Amino acid sequence: MANALTVPRLRSDDLPIAISAGFVLVILALGSVYTLATLGTAPLLTPNYLLTQLQTGAFLGIVAAGMMMVILLGHIDLSVPWTMTAAAMMATTVGGPGAIPTGLAVGLLVGLFNGFGVAYLRIPSMIFTLGVDSVMRGLMVAHTGGFSPVTESTPLMRYLASDRILGVPVAIFVWAAVSVVIAAMLSRTAFGKSIYATGNREAAAYLSGIRTRWVIVGAFVVSGLCAALAGILLAGYSAKAYQGMGNAYLLPAIAAVVIGGTHILGGRGRFIGTVVGVILIVLLNSVLSIMQMPEAGRQIIYGLVIIVMLLVYGRTAKVTS
Amino acid sequence: MSTVAITTPPRASAIGMSIRQNRGFYGALALLAVLYIVYNLIHPRGFSTNVFIANTNESVALAFVAMAQAMTVIMGGLDLSVGAVMTLTSCIASEMVRGEPWQIVVGCIVSVAAGAGFGLVNGLVIVYGRLQPIIATLATGAVAVGLALLIRPEPGGEVDLDLNWAATNSLRDLAETYHLFEDGEASWFQPIAWFPVPLIILVVIAAAVWIPFRRTVTGRTLYAIGSSEGAAYMSGLPINRAKLWAFTLAGFFAGCAGLYLAIQTGSGSADIPQAGAYTLNSIAAVVLGGISLLGGVGTVIGALVGALILRAISFYFRILSVDPLLQPLVEGVVLLAAVSLGAIRTLRVKNRLELFR
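Chains as they are written, first to last, in the numbering used here: chain V, 1389 to 1709; chain X, 169 to 525.
A hint or two may mislead.
[Stated by the list, open to error] Footprint (simulated), chain X over chain V, 3 or more residues, beta carbon under 8 Å: (1) 1523–1535; (2) 1558–1570; (3) 1640–1648.
[What the hints assert, rightly or not] Below, a sample of chain V positions facing chain X; criterion: calculated Cβ distance under 7 Å: (4) L1424; (5) G1597; (6) I1598.
Worth flagging that the hints you see were computed from the coordinates, not collected in a lab. In this text, all values refer to a predicted model and were calculated from it rather than measured experimentally. For each residue, glycine too, the CB sits at the ideal point set by N, CA and C.
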C-alpha cells in the first residue's frame, strides 16, 4: 500500500528547505556582526539565547504544524486566532486537571465544524473558517464580557509553557513531540499520503478510493487541535488567557509554512520545511528587535524577506494549457 | 441556452437570463433592500436624510475595499493587502490633504495614485515573479503597513475641515461650503439637495471605473482567467495585462477607501488591527455580493452591495439595543448562514465529481 500511494519526493522540494536554512544562518551571522560591532559580544550564538528563541518559536511552530496540514490540502484555516484564544479561555475557566482536555476539546470541535463546512457543504475554506473565527470571537466576548478573564492558568499549563528540564524549556519538548507526530503522520501513514493525494487533485484522489471528505475533516481537526494546544501553552506562558491573544499568530504561521516550501495550492511540501520556516521567522523578529529596528522597518523587512524568498524558489509554472 | 431564447419571448428571456446568471447578485440586492427598509421602519427617525447620510458615511470605506477585493477575486485571486493599502493611503492623505485648494487637490490625487501604484507593484510581483496572489499580497501588505508606520508613527494629522464637512454630508452642505449654486439654494437644486455626498462619490467612482472596464477586452479577460486560466491563455487573451490591471485597480479602489477614511475621520493612523479587519471584511463582503471565490463569477457592483449588507447588519445592533457583547457573534452567524445558503446546491448534486474543481 505504501508503494501505491507514495508521493514522489522531488529534489525541488528540498531546495526551499536548504535555502531557508541557509537564510537562518545568514540572519544569525548578520545579527552577531551587529552585536559584535555595538556591544563587543555575540549573545546570539549562546545556547541560552537560542533556547529562549526556540521557546518563543514553539507556540508559532505548533500553530504552523496544524496549518500546514490544511495548506497541503489547498485549503486554509483562518479560524486559528480565536481557536487559540477560546481554548485558552475555556482551559483557564475550567481549571484543575480538566483544563487541558477542555481546551483541546474546543480545538477538536472547531476542527470538526470547519471540516464539515469545507468538506460536506463545499464552502471555500477561506470564507468558512473566517466566519467560524468571528463566531468564536463572539462567543468568547460574550463569555468574558469583553475583558480579560480573571481565571488563571493551572500549574501544569505553566509548567509546559515556561518551565525547564535540564535547562531546556519544556515548550520545546512539546513542540518536538507535536512535530514528530505530524511528520510521522505525513510520511508514514495512509492518512498522510491521502492528504498529499487530495491536495494534488481531489477528483483523482476520490476516484482512487480515498475518502476525501474524511481526509479534509481530519486535517481541519489536526489544525484545530494544534491551535488549541498553542493557545493553552500561550496561556500558561503568560499565566492567563486574554482577548486577542492568538491574533499575532495567523499570518506568521501561513508565512512559515509557505517559506518552508509548502505549496499554497496544496499537494507539495515537507514538514521539516515548516520547522525551518518557523525558526526563520522567529529569529528574524528577534534579530530585528535586538537591532532596535522600529516597527515600521520590521514590517517592511518582514514583507520583503517573504517576497524575496518566494521569488527564489516559490515561483509557479506559467499556466499554458 | 438557445432553447430558452426560442421558447420564451425575447424580452422576458433577456431579463430572466440575467437573473439566472447573476442569482447571487440579485439575491444580495434583495437582501440589502429588505434589510435597509426594515431598518428604517423600526428606526425612530427612519427614512430621514440624517440617518441616510450617517449610514452611507460609515459604509464608504468598506465598500471601496470590497470593490478592490472583487477585482482580484473575479480573476480567481485574492488580495490580502487591500486593508493595508487603505491604511497606507489614509496616512498619506492625512499628511497631504490640507492647505491651499490646489494642495488639497494634489494631495487627493497623490493618495489615490499611491494606492494604484502599490497595486501595480503587487501586480508586477505576481505576474512577473509568478507568485501566488494570496501569499504575495500577504507579504506586500506587511510592507504597506510598514510604510504607513514610517509616514505616521503616531495617529494624527489634520485633513482640511471644509472638505471633511463637504464630503460627509448632503449635497446642500457641499454647495454651501464651496458657494456653488447660490450656496445650495438654487431652486432647480432643491430636489437633489438632500442626497448624501458619500453615496454619490461611491456610485460615481464605481460606475465610472467598472462599467467601461468590464466592456474592454482586458475586463473580459479577467473573467476568462477566473473561469480557466489555461483556456484564456490558449485563446490568446492578454492575461498579463489583465492581471496587472486587476491589481492596479484594486490598489486604486483601496486608495479611494484610504482617502475617504482620512477625509471622514480628519486624521490618519497606521492601525494594523484595523487594516486586518478591513481585509477580512472585504472577503466577506465579496462573498455576500455574489462573487465566487473560485473566480469568474460576479461583479464589482456586487461587492459594493455586499459591503452595504455587512454594514446594514451592524446598524441593527444600535437600534435594537442588542447587547454590544453579542455583536461579533451575530455578525459571524449571519456570515456563516449566508455562505451556507449557497451550499444548498451541493446537496442536489448527484455526481460527486462535479463538486471537485
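Quick rundown of the hints versus the structure:
For the stretch 1523–1535 of chain V, the stated coverage by chain X is satisfied: 9 residues place a CB nearer than 8 Å to a CB of that chain, which reaches the threshold of 3. Remark: the stretch 1558–1570 of chain V is not confirmed as covered by chain X, as 0 of its residues place a Cβ nearer than 8 Å to a Cβ of that chain, below the required three. For a cut-off of 8 Å, the count of residues in the stretch 1640–1648 of chain V with a CB near a CB of chain X stands at 3, and the three-residue condition holds. About 27 Å separates the beta-carbon of L1424 (chain V) from the nearest beta-carbon of chain X, more than 7 Å, and the hint is not met.
Annotation: G1597 (chain V) was flagged as interfacial toward chain X, and the flag is violated, the nearest CB pair being 13 Å apart, outside 7 Å. Interface hint status for I1598 (chain V): violated, as the beta-carbon distance to the closest one in chain X is roughly 12 Å, over 7 Å.
In summary, the numbered hints that this structure violates are 2, 4, 5, 6.
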